[in-house]
Structure formats: structure tokens, C-alpha cells
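**Q** Make a model of the complete structure from these sequences and hints.
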Amino acid sequence: MSILTVKQLTKQFGGLTANSNINMDVQKGSITAVIGPNGAGKTTLFNMVTGVYQPTSGDILLNGESIVGLKPHQVAQKGISRTFQNIRLFGAMTVLENVMVGMHTHLRSGLFHTMFSTPFMRKEEKEAKQEAYRLLQYVGLESLYNEEAKSLPYGAQRKLEIARALATKPKVLLLDEPAAGMNPKETAELTKLIYHMREQLQLTIILIEHDMKLVMEISEHIIVLDHGEKIAEGTPDDIRNNEKVIEAYLGKGATTAS
Amino acid sequence: MKKWLNVLEQNKRLQAIVIAVYIVVTFISLYLAQKSVVAFLLLLSSLLLLHFTTFSHRVKWVIGIVVLSVLLPLAASQGEAYQSYMEVATLVGIYIAMALGLNIVVGLAGLLDLGFVAFFAIGAYTYGIFATTQANNFMPFGQYPLSGESFWVFLIIGCIVAAIFGILLGIPVLRVKGDYLAIVTLGFGEIIRIIFNNLDKPINITNGAMGLASVQPPKLFGLEFMYPSQFYYVVLVILLLTIFVVRRLEYSKIGRAWKAVRENEIAAQAMGIPLVRTKLMAFAVGASFSGMMGVVFAAKQTFVDPTSFTLLESITILVMVILGGMGSVPGVILGAALVTILNLQVLTELTNWLNQLSLSGVVSIPDALSPAKMQRFIFGVILILFALYRPQGLLPAKNPRFDEKELKSGATNMVDGKEGAKDVYFNG
Chain A
1 MSILTVKQLT KQFGGLTANS NINMDVQKGS ITAVIGPNGA GKTTLFNMVT GVYQPTSGDI
61 LLNGESIVGL KPHQVAQKGI SRTFQNIRLF GAMTVLENVM VGMHTHLRSG LFHTMFSTPF
121 MRKEEKEAKQ EAYRLLQYVG LESLYNEEAK SLPYGAQRKL EIARALATKP KVLLLDEPAA
181 GMNPKETAEL TKLIYHMREQ LQLTIILIEH DMKLVMEISE HIIVLDHGEK IAEGTPDDIR
241 NNEKVIEAYL GKGATTAS
Chain B
1 MKKWLNVLEQ NKRLQAIVIA VYIVVTFISL YLAQKSVVAF LLLLSSLLLL HFTTFSHRVK
61 WVIGIVVLSV LLPLAASQGE AYQSYMEVAT LVGIYIAMAL GLNIVVGLAG LLDLGFVAFF
121 AIGAYTYGIF ATTQANNFMP FGQYPLSGES FWVFLIIGCI VAAIFGILLG IPVLRVKGDY
181 LAIVTLGFGE IIRIIFNNLD KPINITNGAM GLASVQPPKL FGLEFMYPSQ FYYVVLVILL
241 LTIFVVRRLE YSKIGRAWKA VRENEIAAQA MGIPLVRTKL MAFAVGASFS GMMGVVFAAK
301 QTFVDPTSFT LLESITILVM VILGGMGSVP GVILGAALVT ILNLQVLTEL TNWLNQLSLS
361 GVVSIPDALS PAKMQRFIFG VILILFALYR PQGLLPAKNP RFDEKELKSG ATNMVDGKEG
421 AKDVYFNG
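Chains as they are written, first to last, in the numbering used here: chain A, 1 to 258; chain B, 1 to 428.
Treat the hints as calculated values from the structure; they're not laboratory data.
A couple of the hints might just be wrong.
Unchecked claim - Simulated coverage check for chain B against chain A, where a stretch passes if three residues somewhere in it have a Cβ under 8 Å from a Cβ of chain A:
1. 1–11
2. 265–278
3. 399–405
Small disclaimer: the values here were computed from a predicted structure and weren't measured.
Glycine is no exception: its CB is placed at the ideal position from the N, C-alpha and C atoms.
**A** This is the structure we're talking about:
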């Protein structure tokens, strides 16, 4: 069953076509990778799916329902969450607070409850804190919960972005270059984490990544973009042996690697 | 010095003794030396000292309220300067409430607003128009001025009207960011002032540059509020309410959303935070405190005219926020108190002193150099110094710190974080 369907999606910035007629079908519970050279339009695709950009034409369906035209926060409420290529944490807030911001849409206490600090609000806040802490444990950052987010090392910041995205309770999680800047050990941990999330949280995961070892190991389905167009899709094996992909992106060495 | 501070920090009884002695000494010195501004300021700064003690919040609040509501007025009440002390204290309170309002917009939500005094003006005119004969000019029904009893209702009306204007300003303004936002809000502040200045024709609503005179003083159970010493209590109550509300909001879902928007708009949206609504909320809540204090201001001065609401006022409030520490409630209170007292007390006292000196022929200081006229210069210097050496302000904003025990108590089944995560997700 497909959870996310992208139909004939096109995005033009003035004369520049960043994405042209992209079709994509993401199966529920799968791990899909979007790869391609720099400037191929991968992040633009993510930005359209999450509502940051409005597509010039085409449609995006989440569980059969169009999400084109929704604001980013509405898309998030529908169950699509993401991390960012250039880390976008709330730097001056603590690690725990960052995760708690992710729970925003699931907290029900409004102005009235806040003003009078009702038992309902206090209970909800307490549970939110505890759940945020558990999410930090999940990604392995629990010891840093009181630190300012901007003071974290790079790899930890990437993990925090994932924890924050999980706090929104998404159905689909988009990871934009999650392994960028990580060392091999951290990448191995990340690989495990992505598997865990899919298995334990029944998430559908779409990732953009340049680390081919990670991509080939983890993904069930790969989509290759080049110059804004989809040039290939299929299983890792298909992609590895696809002439067009080798020419545009992987290079000759990839057929023998890993 | 450091050793002493450490000893003090660990010993609560010692702290209690120090603060008690301090309050008693300053109380007595103000009680006996009525003309001593220094004693008055020292008694006020006992609150700052209180802030640094390690007592529980409740104890701090009780002591603070006792000092402000009983000791300060009592100590000051023994001489002729009583009303002028209370006047200063009242104005300090008004400015603190406004600075706290601006702190929500600038400090928490990160929206630079250079026209904040407009909301103060809106509050002041809301009461001013209906509490003078002015409203007879355009209202088809009713008898004006409304009696002083209506003041209490107008506190709420002023608050709501200012909040509505906050939202009205917000809707067009939130399309722009950063520097552009500052310029547009600056324009808004000036537009409001100029509208009030010119709205005497075709229908005379605000009485233009002449201003509104003899605003009805507030009345409660037949008691008329005429003196600063009475307004002091009105302001004190509203101020405590403001601090209470600001505190609650800051550490709630809404406060976190404001901070998230300040830190990174795109990420905040991706976390499901509606950008426009969150920003409008900041504008509305910030403006409402300002509007409420505008009503008090109009009643206290019994006179409202557009010259009270110039750009310099907006800048002054912004200086208070920056000086104290953006986003920090204690910091902003300190900043507002310092700037107001500097303006009203220190500079005027210095000017008087220098005037006396030049009258008696000791020194001669040209009029242009009198300290009261150097207000802008002094603000400029303060801003530059703080930007260079202490950009986080006098009492920087602190993040809430969580207690690990409290966080863990709900996670009894989590021996291994990774294994238990599935339960987390669906139970939580």
C-alpha cells in the first residue's frame, strides 16, 4: 500500500526548472532513498512535500488525500515530519525543550489552562517532559538534556533533529542528508537508528543521502534525480547497474563497490 | 569576596539576616531622611538583592510584595517628598509592565518592534476620550464624561482594544522580516501618533494637538484616586498580574512556540507551529499590557496628548528590554526600573544640583549640557556599551532546567531506552 504518492510534480523558479514531472510512489513502512548529484532538485522535492514550496504543477497525496496548498505546519499536523540538510535546531533552547517544541500540536492546553495552571495542564506538561526525555533516550542524547542545543557536537545535533521530528508523531519521516558530517561510527549508529525507527515506530522513511554505502545498505527503493528529472528508480541492485545513473552520479567505481 | 559569596550562598539563615538587616537599615534611613533619594533607591534595590537569594519562589514573592506594598509607602510617607517618590514608583511600575509586554514581542518571539508606544497611546486615548467631555462630540448616545467608576471596566477595554490593534498591525506586518519589520512597526508607531494629532477634524475625536484635559479620576466605592500614592497601588496590582501572566506564558507551550519561532521560523513551522497565529498572539499579548497601562497613565496624568507617545518613548522601552536582557523577566524588570529612575530621578537631581552650583557661582555649565537634556546621549552610550560588552543584558535569560528524577519517573519500564521505545511512542 502506498502512503505517499507524488504525481507529475513540477517546480519552476522563474526560468529554472528545479523539478520536472516527478512521479514517486512510497510504500507504507518502506525506506526510500532519493539520490542524485548536487543541484538535482532533491531538497526542492522535500520542500514541496513538506509545504515549504508550493509546486508549479502536479499533486502530492498522503494516504490518497492531496496535501498541495497546505501550509508547512498543516503538513506537519497531517503526519509528515522532517530534518534539515543545514541543521535548523532552536539553538538557544535546551535539548529537552527542542523536543518538547516538536510536541506542540499534540498538547491541548490553551490560554485558559496556561493562565490558571490547571491540573490538566500540569499533567500534560509533565507527561510531555517525560516523553521528550524518552525520545532523547531513544536517540541516545538523554545525558545532554539540559544543554543548549547549539553547544552540542555536530553528530548529536543531527540526532536531536531526528528526536524532535519524532516528537511530532509522524507517519512519514523525511531525512535530508542525515549522515552528512558524521564519522563512520556515527553513520553506523545512524543506520541502526533508522532501522529501529522503521521497525518499532512503524514509520515510513524517505532520505536524501550522498553516503552510498548507507543508501545501498538501508533502502528498499531508490529514486535517482538529475537536473530536476527522475532518471531511474528501483532496488539498490537495479540502481547500481543502471547505465544512466552510473554516468550521471555514481561513477564507474560504484558497480564494484560494497 | 568570592569566598564570602560562596558562604552566603550556602547558608540560608545568613541570607535571611543580611536581607532583613538591609531592609531595616534602608527603611529607617528613608523614614528618617525623607529627602534622601539615595535611601529610596536603596530600599527599592532590596528587591534586587532578594532576587539573588536562594529562597523558594513563594518566600521571595511574599517578601517582595510586603516591601512594595507596605514598607516602601510607609517609609516614604513621612515627609513632603512622599507624593514625588510615589510618582516615581508609579511610573516605574507602568514602564515595567510595558517593557514586559515588549519583551514578549522582541525577547521571546524575536520580532523587533520600534512602534510599541502606539499601544500605550491607544490605551490612554481609549480611556481619555470617554472619561472627558470629548466623547460628546461624536457619540450619538450616552452622557460623557463617564464616571470614575468606569475606569475599572476601561482597564479591560483598553487591554482588549490594544490587543485588537496589535493583531491589526500584525496581519500586514508579518509578511516582512527582520529589518523590514522594524521599519514597518516604526511607521505604525508614528502613524498612530499622527492620527491622534490630526483626528480633530472633520469629526473631533481626539481633540488633536490640544489633547484631552481633565480626565476623570478613577473611583472605587466613592473613593477618588487623585494622588500618586493611590495610583501606586493600582499599578502595583496590575504589575503583579502582568508578571504572573508573563511567567506562566513563558514556561508553557505558547512560550516555547514563541522561542522556537525566534530561533528558526522554518523549523518551527515544520514542527507544526502555525507561524502567523503564534506571531499575532505575541503582538496581541504584548500590546494588551501596554494598553492597560495606557488607561492608568491617562487617569493618573488627567491629561492625554500626542506628545507623550513619540518615537523616543518606543526607543526608551526597547532600551529597557535590551539593557535588562532580552527574554528575561527579572532582567527586563531591572532594566525598566533603572532606565526610568535614571530619567526621572538621577538626571533631574543632577540637573538641579548643577543648577544650584552655577547659581552660586561655583561652576558655570551651559544649559545645553544639563544632564536632563542628555537623555538620548546617555541611552546611546548605554546601548553601544551593552552591545559591545554584554549583549545578553544585565540579568540574561535562563532556560528552564529540568530535574532528571522528574523526567525519569514515568519511564519505569525503560531499562534499555531503545527496546522500550515502541511503548513510548504509542502510550505517550
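**Q** Taking the hints in turn, state whether each one holds.
**A** Each hint, compared with the structure:
With a cut-off of 8 Å between beta carbons, the region 1–11 of chain B has 0 residues touching chain A; three or more are needed, and the interface restraint is violated. Residue count for the region 265–278 of chain B with a Cβ under 8 Å from a Cβ of chain A: 10. That meets the three needed, and the coverage hint holds. A count of 5 residues in the region 399–405 of chain B with a Cβ less than 8 Å from any Cβ of chain A is obtained; the coverage claim is therefore met, three being the minimum.
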